[in-house]
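From the two separate chains plus the hints, produce the assembled complex.
In order, the protein sequences belong to chains A and B. Per UniProt numbering, residue 1 is the first one in the first sequence, and the count goes up by one each step. Per UniProt numbering, residue 1 is the first one in the second sequence, and the count goes up by one each step.
To be clear, the hints were calculated from the coordinates, so they are not data collected in a lab. Treat the hints with caution; some may be incorrect.
Unchecked claim - Result set (DSS-like, lysine-lysine): computed pairs, CA atoms no more than 30 Å apart in a straight line:
hint	chain 1	residue 1	chain 2	residue 2
1	A	Lys-100	A	Lys-151
2	B	Lys-168	A	Lys-67
3	A	Lys-71	A	Lys-46
4	A	Lys-166	A	Lys-151
5	A	Lys-100	A	Lys-71
6	B	Lys-168	A	Lys-71
Since the structure is predicted, the reported quantities are computational estimates derived from the model, not experimental observations.
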Amino acid sequence: MKSPATEAPAEPGPPPIKTRRFSVSLVWLVPLVAVLVGLSLVIHSKLQEGPTITLNFKTGSGLVANKTEVKYRSVVIGHVSAVALSDDQRSVNATVQLDKQAEGFTREDSQFWVVRPRIGAGGVSGIDTLLSGDYIGADIGQAEGRAKRFKGLENPPPITYGEPGKRFTLHTQDLGSLDIGSPVYYRKIPVGQVVAYALDADGKGVNIEVFIHAPNDAYVTDNTRFWNASGIDVNVGANGVAIKTESLSTLLVGGIAFRAPEYSPNDSAAAEARTYELFDDQQTALAPPSGKAQYLTLRFDQAMRGLKVGAPVEFLGIEIGRVVSVNLDFDEVQRSFPINVGIVVYAQRLGQAHKKMLKALKHDPDDMTATAQVFSSFVANGLRAQARNGNLLTGQLYIALDFFPKAPKVAFDLNARPIAIPTLPGSLEILQEQLQAMLEKINKLPVERIAGNLDGNLVELRKGLMQFNSRTLPGVQSTLADVSKTLQSASATLAEDSPQREKLSETLDELGRMSRSLRDLSDYLGRNPEALIRGRPSNAPPIDLQGPPRN
Amino acid sequence: MNRTARDHPPTAAELNLCLCHSCGLACDMRDEPHSCPRCDAPLHRRKVNSLARTWAFMLAALVFYIPANLLPVMNTTMLGDGADSTIMSGVLEFWAHGAWDIALIIFIASIAVPGVKFVALSLLLITVQRRSQWACRERSQLYRFVELIGYWSMLDVLVVALVAALVKFQALGDIEPRVGILFFGLVVVFTMLAAMSFDPRLIWQAGPEEAMDEVARH
Numbered sequence: 001m002k003s004p005a006t007e008a009p010a011e012p013g014p015p016p017i018k019t020r021r022f023s024v025s026l027v028w029l030v031p032l033v034a035v036l037v038g039l040s041l042v043i044h045s046k047l048q049e050g051p052t053i054t055l056n057f058k059t060g061s062g063l064v065a066n067k068t069e070v071k072y073r074s075v076v077i078g079h080v081s082a083v084a085l086s087d088d089q090r091s092v093n094a095t096v097q098l099d100k101q102a103e104g105f106t107r108e109d110s111q112f113w114v115v116r117p118r119i120g121a122g123g124v125s126g127i128d129t130l131l132s133g134d135y136i137g138a139d140i141g142q143a144e145g146r147a148k149r150f151k152g153l154e155n156p157p158p159i160t161y162g163e164p165g166k167r168f169t170l171h172t173q174d175l176g177s178l179d180i181g182s183p184v185y186y187r188k189i190p191v192g193q194v195v196a197y198a199l200d201a202d203g204k205g206v207n208i209e210v211f212i213h214a215p216n217d218a219y220v221t222d223n224t225r226f227w228n229a230s231g232i233d234v235n236v237g238a239n240g241v242a243i244k245t246e247s248l249s250t251l252l253v254g255g256i257a258f259r260a261p262e263y264s265p266n267d268s269a270a271a272e273a274r275t276y277e278l279f280d281d282q283q284t285a286l287a288p289p290s291g292k293a294q295y296l297t298l299r300f301d302q303a304m305r306g307l308k309v310g311a312p313v314e315f316l317g318i319e320i321g322r323v324v325s326v327n328l329d330f331d332e333v334q335r336s337f338p339i340n341v342g343i344v345v346y347a348q349r350l351g352q353a354h355k356k357m358l359k360a361l362k363h364d365p366d367d368m369t370a371t372a373q374v375f376s377s378f379v380a381n382g383l384r385a386q387a388r389n390g391n392l393l394t395g396q397l398y399i400a401l402d403f404f405p406k407a408p409k410v411a412f413d414l415n416a417r418p419i420a421i422p423t424l425p426g427s428l429e430i431l432q433e434q435l436q437a438m439l440e441k442i443n444k445l446p447v448e449r450i451a452g453n454l455d456g457n458l459v460e461l462r463k464g465l466m467q468f469n470s471r472t473l474p475g476v477q478s479t480l481a482d483v484s485k486t487l488q489s490a491s492a493t494l495a496e497d498s499p500q501r502e503k504l505s506e507t508l509d510e511l512g513r514m515s516r517s518l519r520d521l522s523d524y525l526g527r528n529p530e531a532l533i534r535g536r537p538s539n540a541p542p543i544d545l546q547g548p549p550r551n
Numbered sequence: 001m002n003r004t005a006r007d008h009p010p011t012a013a014e015l016n017l018c019l020c021h022s023c024g025l026a027c028d029m030r031d032e033p034h035s036c037p038r039c040d041a042p043l044h045r046r047k048v049n050s051l052a053r054t055w056a057f058m059l060a061a062l063v064f065y066i067p068a069n070l071l072p073v074m075n076t077t078m079l080g081d082g083a084d085s086t087i088m089s090g091v092l093e094f095w096a097h098g099a100w101d102i103a104l105i106i107f108i109a110s111i112a113v114p115g116v117k118f119v120a121l122s123l124l125l126i127t128v129q130r131r132s133q134w135a136c137r138e139r140s141q142l143y144r145f146v147e148l149i150g151y152w153s154m155l156d157v158l159v160v161a162l163v164a165a166l167v168k169f170q171a172l173g174d175i176e177p178r179v180g181i182l183f184f185g186l187v188v189v190f191t192m193l194a195a196m197s198f199d200p201r202l203i204w205q206a207g208p209e210e211a212m213d214e215v216a217r218h
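So here's chain B without its partners, still in its complex pose (with noise of 0.2 Å):
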């Protein structure tokens, strides 16, 4: 398993070196430096505390998720008639009136999307601290494309702002958020938080526990 150093090009870490994330200076580590002797930003051979981060973030994302659904986004009044609707309510009702296609676009990006990006991270993250070695580029791939979705988790908190701006005509129909968008809107910024807490490198250290750990407090 262990790959000899004449098998590819030595590591960064072999030569003892580590990227200033401010500056971008590679700096010699045989001192131990807490600091980038060019521009004095911490350095850090790993993302800090990477897994301890991304396990609270993606906790604190997943205990949002049950309000962002079960509570009401969105108040939408029509001559007189008020109504709240929830996320899938919203798509339930798109979906009945035969909108499937706008049914099946919300129902991604709201419901579908933060889902994914749970089992996604989860998934990474046992991965990680099992230090398995199964299907690391692929682990890669997914990690990626879980930082590549992020931001279009706004799109509903984006909707639901534009419309309730929007739609402002006094008795005969006026849309107003609700709490639930908020809770909505925590949900994305902490499953984003957490995928950038999340340092792919680790996906390919493979090392001892107490080497793992070391880098992991760094």
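Just chain A, same shape as in the assembly (with noise of 0.2 Å):
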């Protein structure tokens, strides 16, 4: 071998050939790229899967494989992947893919119904389903524990969760026209609904489950009513008719109204859950407190005809309470058969009289004795119960408590319980009473002697009048006799051809040449002036002395 160095100029030797430092090629970057984008495309998706879940609906109309969406809040939270019937065949049931955010509704309680178009007289909902087709609403529980098949439901929640808001219960005897979605007013303006209702425990009565949108919620208050405001609230009264009704769609799914009484002290925001009474009417809710009942019994001794189970207690002509009860009863002492009624009262009722009573009485409503107490008292006084006739046309009594000062005066037991009024009988009773009275009183008049004297006096009248047409009336005929002559007489004074007349035309003659002659005289002296003095002369002028031709 020889050094390069003392070599020749070399041969060209081969050309330096260019060779890649990695014996594969960077072209397979490529597909390794495509992998790796394949690879994340599905752990994206991987990721983004949430979980699935079953949902059980009665029917699967409009339920569409791969198409149909769960919503929450028109927001796309899953879709249906497979509709299938149930092992029973009895319901369907929609598998649903939810997306991963959408993890939360797998809480127990979350609800799933399908959104259908519906019509009903509360409005209208779900019109956009009529183009896009039907989906499945959801809302998100609160429950910790997770499930995987749910029971879907027929109708849409009312509420959704976390609304904000308050939830009351309410207490009342039937539903009446009430449902899911009534609506529930205050001052007329709609500001919750019914969402939901069961009968309670019992079956004694029906537990409606209202919700009031929050700001509303507050004016619910410790003292507020709750009254049904369904239908229509007709109202006969001296001022005419008046309709009421909450609106026009309380008419036809009914609804609910709250209010608090307008003087309501120390009032404050209800707490949630808080159970009230639903009363029937408006009246009946915002009249004052019941309180504390007080059960009394009477005891009656005439007929109670007309005294029915529930008519009205009143005293002093203010309603406090109402009868529950009315027994016949048997007096094994008088043989006799009282009527035994039981009346409730609500002292609270009476309102400030109530307070100030307590108040000057010192007095506990919950002691039985000191009420046994202050009961005797009033007793002592005059208090008394009286069965009265509440309409004359029906005979409907009720029953009044009363002060009755000149009351005769009866022994209290202060130890019966429940305590017993005595009783009056009532104003019929008084006035039959009255009335019999009277007719006793009638009876007892000496109608006989008083005919003898009446007839006695007649007989007397009969003479007088006799003696009259014998005595006075001939007097009267002979003066009207007289009467008739003198105007007879004077008549025939005036005639024509009468003596009396002659005479007086011939007076009138006699008068009639006096002032001619006189006329004469005065005329000459008027124009001879001085025959006063000298007197007529001789060769005067005869002057016409012709006198009146005598007849």
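See below:
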């Protein structure tokens, strides 16, 4: 081997061949990147994939696999991946693939329902589904537990979870025309709705759950009364006919109204889930609170026709309670059938009077003995119960508690429970008695004697009249004849050919002549005034002294 | 098998010539020049790294073929009713509605053609690697066919682009492209690249292994 330095210029060796540093071509990066992209897609979709749940619906109407979406607040949170009949063929199972973000919808109390167009008395909903097709509405629950299977609701829940507001429970005898979704009004403004109802555990009442939206839930206070505002309230009074209804829709779907009485001191917003009584109407609802019920017993000796259980009990005209029982009793001692009437009174309905009374008497309403003492003093002052006629046409009775200071004193049993209030006969009975007494008095009148006297008087009268006829009347008759004569003579006097009239004519002629001569005299004197002194000259032309023609 | 020089005119390889891709000069390869003496473009006897590139591009296309068919390519909203549709669901929908001709066109252009390309390219690659002398002429025809149908696969992408641009009626109707069409476009691009990378002359190459590797490397 020769060293290259000593060699002649070497022959050009083989040209340097550019070789890649890597034996693998860089072009393989392309499928590698493609695989990476594909893998990232798979991983991404795996990460995005949420839980799968199964919804059980009664019918699969409107549910289409891979098309029907599940929406919450109009945002798609998943879709139906399969629709199949349940194992027992009684319902439809819809498998829903939820999104990753919708993981919370697997909470146990989440709700799902099919949104379809609905037209009801309360309004129209789901119109958009007419065009877009049905979708499944969802409402996220709040429970901690998770579930895979859910029972689909047939109707959308009226209130979604997390809606600001408060729920309250109303207790009533029956549901009436209320339904889920029936509005709740406050001063005629809809502020909430009925969200659920259920029978009591013992089946003796209905619990209605209402939801009042914030911020109006603050108006539900501890003193608030709820009443059923369904239908029309027609009032015929002195001012005419008044028809009241909360709104037209309450006519159809019913409704509830609430309000606190005008005078509600120290009122504060009610706590969530408080239970209220649902009254039948506004009047009952806004009446003062009844307070503690006080049972009393009354014993009537007369028939109580027309007194029904539920009849009002009035105290000085104010309704404070009602009749709870009417029972016939048998009195061994008197061998009679008295009637025991049980009543309940609510002293608090007396309002201010009750408060002042409690204060004045320093009375604790819960102390029965003290209560009996108070009633004892009232009875001593004349408190009596009386059955009165409330309606003369129908004969309905009501019980009136009143003070009759003149009522006969009776013994009051302090130990009797319930407290017994002495009674007085009813007003009609009193009237009957008075009539009876009057009739008796009339019976006692000496009618015979009066009649005898009256007869004698009449005879006297007759005699007087006969006397009048026989004596007085003839006199009157002669007088009348005289008068007639006088009139006749007067008439004759004034007749045409009567001598009086003749004489009168002559007298008048004479008078005429006299006046003529007087005129002549005055004429002459006018022409010859000297004649007064000298007298009439002898040559004086003769005055026409021709006398009046004598006839 | 080996043909003698006398059977046919000498090939460029026998004359040690190589055509410049850029200026078309037939260069003398005896000195193993790396670039064209006229235009200085790199000289290759065969397409560089043809088999590896074709395999790589085809595999990439194959990988993208999966999301292209599984992911929705288009979102159609008609009167508030929105629905994503994949290529296959579109085909089935057209078929179900009785438009079997349109369904057939979409099926052929979007699903069958890429599939055919994969099969054809795989066939060509495998036979070339195995130096198979089987049906060289037909394989050559197959390659030309693959190149020919290459650009027609873009039909789907064009349709989606066109429809998405045209159907914009707000609430009445709206069509939007979805990510699947991007992968579909990539599939088409990569199959075209694969077809371009393949050197059809390799079909006729039936030399020893070393020569094959050598030409492939240049």
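Cross-check of the supplied hints:
1. With a CA separation close to 21 Å, the supplied pair Lys-100/A and Lys-151/A stays within the 30 Å bound.
2. Annotation: proposed proximity of Lys-168/B to Lys-67/A holds, straight-line Cα distance about 22 Å (limit 30 Å).
3. A threshold of 30 Å between alpha carbons decides the hint, and for Lys-71/A with Lys-46/A the separation of about 21 Å falls inside it, so the pair holds.
4. About 26 Å separates the Cα atoms of Lys-166/A and Lys-151/A, which keeps this hinted pair within 30 Å; it holds.
5. Pair hint Lys-100/A plus Lys-71/A holds up; C-alpha atoms about 14 Å apart against a cutoff of 30 Å.
6. For the proposed pair Lys-168/B and Lys-71/A, the alpha carbon gap of about 25 Å is at most 30 Å, so the pair holds.
In this structure, none of the earlier numbered hints is contradicted; all agree with it.
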